[in-house]
Amino acid sequence: MKKVIAQTEIDVNEEGYMTEFSQWSKEICVCLADEQDICMTEKHWEVIEYIHEKHNNEEPLSIRGIKKSGVINIKEFYSLFPGGPLKKSTLIAGIPKPKSCI
Amino acid sequence: MGKTKVKKMLFILSKATIENAYAAFVMANGARMEGIESEIFFTFFGLEAIQKKKLNHLHVATVGNPAMHMPTMLGGLPGVEALATKMMKKEMEKLDMPPIGEFLEILSDSGCKLWGCKLAVDMFHLKREDLIDELDDIITIGDFYSRADQEGTHLLFI
Numbered sequence: 001m002k003k004v005i006a007q008t009e010i011d012v013n014e015e016g017y018m019t020e021f022s023q024w025s026k027e028i029c030v031c032l033a034d035e036q037d038i039c040m041t042e043k044h045w046e047v048i049e050y051i052h053e054k055h056n057n058e059e060p061l062s063i064r065g066i067k068k069s070g071v072i073n074i075k076e077f078y079s080l081f082p083g084g085p086l087k088k089s090t091l092i093a094g095i096p097k098p099k100s101c102i
Numbered sequence: 001m002g003k004t005k006v007k008k009m010l011f012i013l014s015k016a017t018i019e020n021a022y023a024a025f026v027m028a029n030g031a032r033m034e035g036i037e038s039e040i041f042f043t044f045f046g047l048e049a050i051q052k053k054k055l056n057h058l059h060v061a062t063v064g065n066p067a068m069h070m071p072t073m074l075g076g077l078p079g080v081e082a083l084a085t086k087m088m089k090k091e092m093e094k095l096d097m098p099p100i101g102e103f104l105e106i107l108s109d110s111g112c113k114l115w116g117c118k119l120a121v122d123m124f125h126l127k128r129e130d131l132i133d134e135l136d137d138i139i140t141i142g143d144f145y146s147r148a149d150q151e152g153t154h155l156l157f158i
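Read top to bottom, the protein sequences are chains A and B. Our numbering applies: residue 1 is where the first sequence begins, and numbers increase by one. Our numbering applies: residue 1 is where the second sequence begins, and numbers increase by one.
There could be a bad hint or two in this list.
[What the hints assert, rightly or not] Taking CB as the label site, the calculated pair distances span: (1) B/GLU105 <-> A/GLY83: 52 to 62 Å; (2) B/GLY142 <-> A/GLU9: 49 to 59 Å; (3) B/GLU19 <-> A/GLY83: 22 to 32 Å; (4) A/LYS43 <-> B/ASP96: 20 to 30 Å; (5) A/SER100 <-> B/HIS69: 34 to 44 Å; (6) A/LYS26 <-> B/SER146: 45 to 55 Å; (7) A/TRP45 <-> B/ASP133: 39 to 49 Å; (8) A/LYS26 <-> B/MET87: 42 to 52 Å; (9) A/GLU14 <-> B/GLY79: 27 to 37 Å; (10) A/LYS3 <-> B/ASP143: 44 to 54 Å; (11) A/GLU20 <-> B/ASN56: 43 to 53 Å; (12) A/CYS101 <-> B/ALA67: 16 to 26 Å.
Everything labelled a hint here was simulated from the structure, so no lab data went into it. Using N, Cα and C, we set each Cβ at its ideal position, and we do this for glycine too.
Start from the sequences, fold in the hints, and give me the full structure.
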């Protein structure tokens, strides 16, 4: 389905995840974050960058991976993206929701 | 976002075989990842999963476990339990499942509360320092039930 955000039309699935990463931009990211009541800070951008890097390398995301990332620890990750950090950060980063159970 | 009416999950872990401990840990961690509150109450033999000296030596149950698909007598032979445990740990490592100690750290950092059962701690003559540093406290079952006083709370015995 289509969604208009930051004066741009983007493709999303029924859960609101972007289906075309090429449509992602920082402006769209800020608006998606705003919809999740998240105000982007320097640290948020660092996490988004880390997530994109993992996605580009086709490495799966997990909470254990966050622990080892060297970018952020688990406590900070939960406080930056309250209410489910992996699903919220990936939604904002414009990549598919992780399928992992751990 | 997936929608659920579950707001809080309370787990009671009473056995510290690998399969039981991981069932509780994966579900408690999964709850936090979905934005659901979660807590684990370690009681009876479940306490072994939070004892510093024992948590790295948990085993998979080879006796009386129908999923093992081996005769019960065979499961009791020397070395069989250790071998099955080793094989299980290898498979879990392939899936990037953390070892028990690291999993407890992850749970604690994720905001999952970890509780020791007072009655069981007394029964096994354990001290606070025998248990992991991440433990939130040693509480009674009454204290634990009072933590369920909220809409959308579920209790699960493992």
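* **Non-conforming hints, listed in increasing numerical order** => 1, 5, 7, 9
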